[in-house]
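Student: For reference, the chains in residue letters:
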Amino acid sequence: MKLSRLVNIVVGVLSITILIFLYNKTKIVNLEQYNRVLDTLRELKQLDATWTEEVLRSRLSLNNNYDNLTAITTDIELARDRWLAFDIAQVETQKNAYLALLKERTELVEQFKSVNAILSNSIRYFPIAVAELEEFSSNLPTNQLLTAVLKYSLVSDAQTRAQIPALIAALQAGDADEDLTEQIDIISSHARAIVKYKQEIDALLEKIAALNAATLLDALTDTYVDLKNARLLETEPYRRALLIFSGILLLWITYIGYRLGLSYKALDVANRQLQTANETLEKRVEERTKELSDALRRLKESQSQLIQSEKMASLGQMVAGVTHEINTPLGYIKSNVQLTQSIVVQFRDFLQEQGKLMGLFSSETVEEEKLHTQLEIVTELTKNFQEEETIKDAEELLKDSLHGLAQIYELVINLKNFSRLDLAKVSNVDLHEQCLDSSLLIANNLLKDKITVNKEYGDIPKIKCSPSQINQVFLNLLTNAAHAIETQGTILIKTRAENGRVSVEIQDDGKGIAEDILPKIFDPFFTTKKIGEGSGMGLSIAYKIIQQHNGDIDVTSEVGKGTTFVVSLPIQ
Amino acid sequence: MENKHKRLAQTIGLALSLALFAFKNLYAVEPIKPLPLRVKLNPDKVALGEQLFNDKRLSHDNTVACVSCHDLQKGGTDRLPHSLGIDNAEGDINAPTVFNSSFNFRQFWDGRAATLEEQIEGPVHNPKEMGSHWQEVIGKLKKEAAYLKAFKALYADGINAKNLKDAIATFERSLITPNAPFDQYLRGDETALTDEEKQGYALFKQYGCVACHQGINIGGNMYQVFGVLNNYFEKRGNITKADLGRFNVTAQKYDRHKFKVPSLRNVALTAPYFHDGSADTLEKAVDVMTKYQLGRKIPRKEKRLIVQFLKTLTGTYKGKKLK
Chain A
1 MKLSRLVNIV
11 VGVLSITILI
21 FLYNKTKIVN
31 LEQYNRVLDT
41 LRELKQLDAT
51 WTEEVLRSRL
61 SLNNNYDNLT
71 AITTDIELAR
81 DRWLAFDIAQ
91 VETQKNAYLA
101 LLKERTELVE
111 QFKSVNAILS
121 NSIRYFPIAV
131 AELEEFSSNL
141 PTNQLLTAVL
151 KYSLVSDAQT
161 RAQIPALIAA
171 LQAGDADEDL
181 TEQIDIISSH
191 ARAIVKYKQE
201 IDALLEKIAA
211 LNAATLLDAL
221 TDTYVDLKNA
231 RLLETEPYRR
241 ALLIFSGILL
251 LWITYIGYRL
261 GLSYKALDVA
271 NRQLQTANET
281 LEKRVEERTK
291 ELSDALRRLK
301 ESQSQLIQSE
311 KMASLGQMVA
321 GVTHEINTPL
331 GYIKSNVQLT
341 QSIVVQFRDF
351 LQEQGKLMGL
361 FSSETVEEEK
371 LHTQLEIVTE
381 LTKNFQEEET
391 IKDAEELLKD
401 SLHGLAQIYE
411 LVINLKNFSR
421 LDLAKVSNVD
431 LHEQCLDSSL
441 LIANNLLKDK
451 ITVNKEYGDI
461 PKIKCSPSQI
471 NQVFLNLLTN
481 AAHAIETQGT
491 ILIKTRAENG
501 RVSVEIQDDG
511 KGIAEDILPK
521 IFDPFFTTKK
531 IGEGSGMGLS
541 IAYKIIQQHN
551 GDIDVTSEVG
561 KGTTFVVSLP
571 IQ
Chain B
1 MENKHKRLAQ
11 TIGLALSLAL
21 FAFKNLYAVE
31 PIKPLPLRVK
41 LNPDKVALGE
51 QLFNDKRLSH
61 DNTVACVSCH
71 DLQKGGTDRL
81 PHSLGIDNAE
91 GDINAPTVFN
101 SSFNFRQFWD
111 GRAATLEEQI
121 EGPVHNPKEM
131 GSHWQEVIGK
141 LKKEAAYLKA
151 FKALYADGIN
161 AKNLKDAIAT
171 FERSLITPNA
181 PFDQYLRGDE
191 TALTDEEKQG
201 YALFKQYGCV
211 ACHQGINIGG
221 NMYQVFGVLN
231 NYFEKRGNIT
241 KADLGRFNVT
251 AQKYDRHKFK
261 VPSLRNVALT
271 APYFHDGSAD
281 TLEKAVDVMT
291 KYQLGRKIPR
301 KEKRLIVQFL
311 KTLTGTYKGK
321 KLK
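Going line by line, the protein sequences match chains A and B. According to my numbering, the residues represented by the first sequence are 1 to 572, in order. According to my numbering, the residues represented by the second sequence are 1 to 323, in order.
It should be emphasised that the hints constitute simulated quantities derived from the structure, not laboratory data. It should be emphasised that the depicted structure is a prediction, and the values quoted were computed from it without experimental measurement. Certain hints may be false.
Below, simulated PhoX-like cross-link-like pairs (lysine-lysine); rule was C-alpha separation at most 25 Å, straight line [stated by the list, open to error]:
(1) A:LYS103 with B:LYS253
(2) B:LYS321 with B:LYS33
(3) B:LYS33 with A:LYS196
(4) B:LYS253 with A:LYS196
Chain A extracted, bound-state conformation (with noise of 0.2 Å):
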């Protein structure tokens, strides 16, 4: 349990880091950066062409003025920063190259926007300086001079241009008015300017259009693309391995899910019944109650029958010297019977012959020596009465036969309180008359011939107890003492109150018990007597007794010089 939790949390961690090692090295090409990167480039090329084509515009005159120009430029910057921000060493050389082509371009268009102003008002204004001229003067040579510009201005021929000097020079010493040389001179410096600017902004276009930007770009952008290749392959093993992983993943989760699918399906199942068993539960309390109630019932009652037949055996045990006890006064009251029955029968022959001495004395005939015979017979008979004293004898024996007969009932009576199965508690049970003598009476028997009994009874209040069991410890603890006793001993049996408890403890000197058995006397089925002698049931079902009865019971043992039993049980 332990080893495999481990186990799956060293499979969970590996998995995440595997996961996360495969996905970093795929993630080391930045794939939208190289994109933004491409696309800013493409966006520069685009701007490039624009560019060259609003300078072109610009020179046409198709733009009046510079700010689509001017916003181009801005927005090339704006792209090269972007650009920029995502810098990497493998595109140093062609970087600083573009970069310094994108600077000399934007001095050449700057210088071309100076220029083409210049060049553009003079020429505008330059047939409009020559007309104002001829006003004043037509015969000067302006014709020349203003076709050959206006020709440059156009072609750009080096011809031409080689032509113009001669012909400012002609003009400015041409016969002109001392009020006309300023405005001749207004026309040299144009021709001149037209001339020089014009040259300057060929000059300047050819090399705009020379530095194109679109093959550097062109180169950046085809690095760019294999840097990205070149990362893209380096990380296709690991795209593919994250690929892969990620599949097995899934389906361990899966399977993973599936089983929780099960787990909770299982989970489910018990939980309903827990519900099931839950809302069951009282009811089962219940039932468990009442049967473990029954339980407890039966118990009792097998305790009870248990304590009944340990009663019965001892009884059993009892019952010869209980037979014997009943035949003895039996036996002699039957003989005490049968002797008065005979006296009886001479009693009603002399009351025979007395009544026909009665009829002799009132018959009107005497009859003397029928009288005298008779008399003498009343007499002798009288005589033997008297000489015998068979009246007192009667009496004797009919006494001695009551008391036998008393004997049995006492007896019969005891035994009758004995062997009862009531179990209840009855107050008010003096333990002196109830208990302790009705049952020295039952084990008369095992005592008499061999054992003297010392009672020591003290002045003890009766108590509430159910007398019958109480008997039965009684009895037990007696047969033992006699079952202890070998030859002669001595019983002696003391009763004390004190703390509202009764003690009895009955003492004998016989041979006494075993320190090694000691401790188990208590125990069930425990015995030292011969199978069939004792069931061992004994003392337990005494101690239990006691115990039920809240009292307590004590034994001390010394081997050779006897056992002592204390019973203690409390008033109430």
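Here the structure of chain A is known, so what remains is to put chain B in place on it, guided by the hints.
Tutor: Here is chain B on its own, set in the frame of chain A:
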């Protein structure tokens, strides 16, 4: 049937006239475009930027603010030939207007700053202007709870040079002056200009001023050599480093005396003119321009008309006409 044709013809006619109208407006061929009426900016940044723009703690000795040389009450300039910095040090160059500077393609006369943010670096560090540095400025501003709070609210990283520049530049982007009479004219209001002003505009185009002063900002989108057809500096003499213009940035021969063409918006309010502040009136400026840049003479009347036109370029700030 006939009715139907008539209606069709009417519809087509209407559509055509509409299309023509749209076409005309779309391809309106004026070389100058009107300013937008408003720009969309974070108003909190604008407010913070304005506060910083007016804050003298941006200078070393707490005497000079941006506004010292770019007074919004003086057309965004100080109306001095050369500005005065800390310790009353005289600068090397005329302060250009801050109004509409966001429409310039580069900043400074020599165009050395590509953006307004870059531009701010210049005066702050220039020993003749504010003579300070960011660490000093930030140290001072951080002592004010209001700044700490305002920056914290607008920028995750609070007060730093980048955010200071961003706030100031944002404010400067709000400094536009739309609705000049000329802009209204460009938007189609023929009554916005008088006939003379319209004549002035025609001359402005005819003379070729518009070759450089074109576009939305009427300049500010290109460089030009000062003294194309005549040598301005030779004539003026006493050439300083500032007179070299863009040459100071590129060291290219062709950039010698080349300057950013300034915007002509609110030009009537920003005298004296040119990088050296040498022309104290529009008339003088037009004279210099026609002579050195156009290589022409201009009759007094036409010059007056052009100046009249130039005065229609004064716009409004926060709804009020600039003075």
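Student: Taking the hints in turn, state whether each one holds.
Tutor: Verification of the hints:
1. Under the criterion of a C-alpha separation no larger than 25 Å, the hint pairing LYS103 of chain A with LYS253 of chain B is consistent with the structure, at around 16 Å.
2. Distance check on the hinted pair: LYS321 of chain B and LYS33 of chain B sit about 19 Å apart at the alpha-carbon level, within 25 Å; holds.
3. With a CA separation close to 31 Å, the supplied pair LYS33 of chain B and LYS196 of chain A exceeds the 25 Å bound.
4. A distance of roughly 15 Å separates the Cα atoms of LYS253 of chain B and LYS196 of chain A; the hinted pair therefore holds under the 25 Å criterion.
Hint 3 from the earlier list is the only one contradicted by this structure; the remaining hints agree with it.
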